[in-house]
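Protein chains in written order, with the numbering used here: chain A, 101 to 705; chain B, 101 to 705.
No lab work stands behind these hints, which were simulated from the structure alone. Hints should not be assumed to be uniformly reliable.
Cut-off 27 Å, straight-line C-alpha distance, at most; resulting in silico cross-link-like pairs (DSSO-like, lysine-lysine) [stated by the list, open to error]:
hint : chain 1 : residue 1 : chain 2 : residue 2
1    : B       : Lys429    : A       : Lys705
2    : A       : Lys669    : A       : Lys567
3    : A       : Lys669    : B       : Lys549
Number of protein chains: 2
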Amino acid sequence: MVGKFKRLLIGRPMKSAEIEGEKLNKLKALAVLSSDALSSVAYGTEQILIVLMAAGFTALWYSVPISLGVLGLLLILILSYRQTIFAYPTGGGAYIVAKNNLGVHTGLLAGGSLLVDYILTVAVSSSAGTDAITSAFPSLHDHRVLISLTMILFLTIMNLRGITESASVLALPVYLFVVSIFVLIISGVVKYFTGGVHAAVPEMSTTVSNISLFLILKAFSSGCSALTGVEAVSNAIPNFKKPAERNAAATLVMMGTILGAMFIGISLLAYWYGIAPSEKETVVSQIANATFGRGFIYYFIQGVTALILFLAANTAYSAFPLLAFMLAKDKFMPRMFMVRGDRLGFSNGIINLGVLSALLVIVFNGDTENLIPLYALGVFIPFTLSQLGMMVRWIKLKPSGWLGRFIVNTIGMLTTLTISLIFVFTKFSQIWMVFFFLPFVIFIFIQTKRHYENTADQLRIDLARDKPLIKGNTIVVPIAGITQVVKQSLGYAKSVTDNVVAVYVGFNDEEIERMEKKWEEWDPGVRLIVLRSSYRSIIRPLIKFVDTVEWKTAETDHITVLIPQFITKHWWQHILHNQTSLLLRAYLFNRKDVVIATVPYHLNK
Amino acid sequence: MVGKFKRLLIGRPMKSAEIEGEKLNKLKALAVLSSDALSSVAYGTEQILIVLMAAGFTALWYSVPISLGVLGLLLILILSYRQTIFAYPTGGGAYIVAKNNLGVHTGLLAGGSLLVDYILTVAVSSSAGTDAITSAFPSLHDHRVLISLTMILFLTIMNLRGITESASVLALPVYLFVVSIFVLIISGVVKYFTGGVHAAVPEMSTTVSNISLFLILKAFSSGCSALTGVEAVSNAIPNFKKPAERNAAATLVMMGTILGAMFIGISLLAYWYGIAPSEKETVVSQIANATFGRGFIYYFIQGVTALILFLAANTAYSAFPLLAFMLAKDKFMPRMFMVRGDRLGFSNGIINLGVLSALLVIVFNGDTENLIPLYALGVFIPFTLSQLGMMVRWIKLKPSGWLGRFIVNTIGMLTTLTISLIFVFTKFSQIWMVFFFLPFVIFIFIQTKRHYENTADQLRIDLARDKPLIKGNTIVVPIAGITQVVKQSLGYAKSVTDNVVAVYVGFNDEEIERMEKKWEEWDPGVRLIVLRSSYRSIIRPLIKFVDTVEWKTAETDHITVLIPQFITKHWWQHILHNQTSLLLRAYLFNRKDVVIATVPYHLNK
């Protein structure tokens, strides 16, 4: 039943060799990996305007130079990451680059930030997408958490089905979004230059008395939230069709170009149309409204905007499992993240990401706006470390033309470092927890690795000297009566050794006497030991008895506790029987060095 | 840790022989068993007045004759049940009496009604008690569910501690309630006859035009809710100190006398004071207010009233586990209800009652008033069946003077049957579900018994002919590598038999080749079989291999699958390792007739 349901949801299992067919070409990769970056257009400009609004309407013209600054930053990042892709064709995520060039702990810092960040991506994007929907249809407002969770569930199932199929589903909305935004920008620009706009516009270069450097920096760092998601491509190189690095680099440049054009277009239109940020309506919605009015095109743009925000969450579904796989391969995360599921995706990573982000949505009741700065900082820490790593790499390897590349990465590193510091100084109240949970995550990574290493040490064998050891056998069979199950268990025990002893725990004298008499009558050729329990516990006297046997024979014999057990035909019938044997097994298993064996007796009605 | 916490909550374990010290004397029994019945005074009169109010204030005088009718009914019930106690000194609950005299299915009908009813008692009483508190302190109104659940938790823990101790805690409030109500009645009567009351009183015997027989019957049946709980004593005879039946009968008569006096006292005062039912204030509160004013005595009466409603729930904690024990002894309920816990109470019954009633409170959000008619009907069905059973018994046994007793039980039976029918006709909308869930409960009882009987049939042994069967041994050891755990497991296997085979599942050719080479180098004296898995599943190829071994050797050999397993030092380290062995064990356990053995290897760091 469960198996069939699983098949229906995620499809037939696939052979390991089928993996090449699941790889991405450039256009599909653009759809799968760029939705996070591209969707930032939906809120990047707005984030800048919200901060500037604190200094009044006339300060809004600063959004144009700030947007140009963000555009410049984007250019630097794209150039810098392009170098990384070619240097690390097998996957150049911040974790790998930082670990290889700056040491394991720095790598873990980058990896930990990214891992947490991917969870935030899913939570923030799905909530933001839900907000977009509920802004358009206020009656859905009470169901925000449910809508977000539904989307997360949908994305999780899609990704469990496999990469290619989800790409097919997800490609269309991404392209529609890109086309819609370009149509909006072009129409808006045409309308502006044909004089169709009559709005009050803050004059460029006006000196605004109460604007401070702090405010401008804060607005700039807010605008940088438009750059989240740029790193997705370099993390996902192994998912590309061959030649993976060329395809990845081309995808990165395509994505950067589209993102840059859309971002500066929206920012310019927002300035020309004199748009101020509003709690009730997004900036993109205001521009669309001013350009087309509230007709079909307006609703279409709003719709694809909501959709791409959901899809942004999907980027994390590609990136999180891959990063978890790399960390697990280095033993910093549980081994289960290395297992490919039936459909060749890293199912455990996908499921963990879905569950954790769903928890965030539930805990924050769908209001994850306050997580945005944390989310942006979580991206810029690995940005910085990754580029620092590349700098170290150029100095170490010094390939031909290394100096130019070194300079590109240095500029990139200094820029992202500066932005990270701006985040810390201007938005400390929203990001302070990063200083607690990042060390905690790194601590867990290190403990995990230590555990795996300890385990390996203890399990390691000297092939030349460590050989299996042959000993005698003593078997203890706890029994509750004389039944078919007991007969079967004793038969097995006697087939193994002659040192078999049956143990019975009685609660009062009559019970014990009756048992002894019946045993004598049966005469199975096995000695019966009877224990008396005043406290109505079966397990405690049995454990004590096993202790005694261990003390007497452990040196010469393997001690086996053989538990007779019948298995009911239907699982629910199980609750009708006392679970003493399960408890006994669990106790012995965790505390004692005895072999635990079960002879199952299957009931057939 | 868990163990220590348990000790703190419920006290040290007690020996089976300590049980006599836990038995109840008459006064303690009155406290433990009568709170349900006595607390009915808090709402019995009010239930009558609410129904009569539908015909107007002038109709309220009917409450006096109706109360007298209920009093008569109480007398009949007490006499009838007194006979039951002497006839069934080992516990004469409706289940036993009906089963013995009317057949098993009728007994199950009575037992099922009572079982469900005890759960309703806890839910209704704890909610009603909470309502009393929140009426006095409206600020607590938002926390009603929490207060009810806290009370249920408290009662559950008290009862897990054991009968005597909870009796000590519970005796005082019951006596305080009885004393308070009598003080209220006496003061009220004195005030009335000294002319201190000046209220409009509906004149006795006025003909009220719009009153119907239906309404009077409905009011009467509502008043009968004051009789719930009367059966508790006859169910709990085994809990009494010896001579149990005399003590139980005396307790029953005491309880009946107190209940009758309080009920008629409150009804008369309500009439004399001209009190009309109000949504905001209970009838008892109105009488107390009219008699004493809102002073200390008033609040004291309100307080003990709330308290006794909580304690009413406690009656069910004595009755439910005992009835569940009796049903389990007859194999109609799971065996676990027969196990006495550390403190000699039937812990499973107590815990199940607590959980189920807590669920009812949560599902109904603390508004369980609508369950009251259901609850009353659930009492009158077993009342009727029990007395019908007694009638059959007198006819069968015909002891000296049986005719008088027969007549008493017949009158009792006819009365309660009539009331049950009145319930069905006047309150069908609130009790219809009883016709669905009672058959369902009885169906479950019968299925449970059938399962136990089937199991016993299949496990039964012929002592003379069924002897343990000695066969050969074949051991299959699934391995994932060459480690200390594998060495230990192979050592054990070789100690048992020479037919040992190790099985390795590889995912690709390199893996398999490496393993085969290493095995050759180690040379443990055991043959290695290598399986190849295209779908990355370890379990499926292993199961197929076991199938093959079974097919070849099951006739001559016991087949053992020996699973090497290391146990981490701390339980949480477990999640760092793949759980393949657990899955394999679970699968084999449920599907295959092979012995499953585990050689635990305990890691020490």
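Each hint, compared with the structure:
1. B:Lys429 <-> A:Lys705: Roughly 22 Å separates the two Cα atoms, so the pair holds.
2. A:Lys669 <-> A:Lys567: It is violated: about 42 Å lies between the C-alpha atoms, which goes past 27 Å.
3. A:Lys669 <-> B:Lys549: holds (15 Å)
Checked against the numbered hints above, the structure breaks only hint 2 and satisfies the rest.
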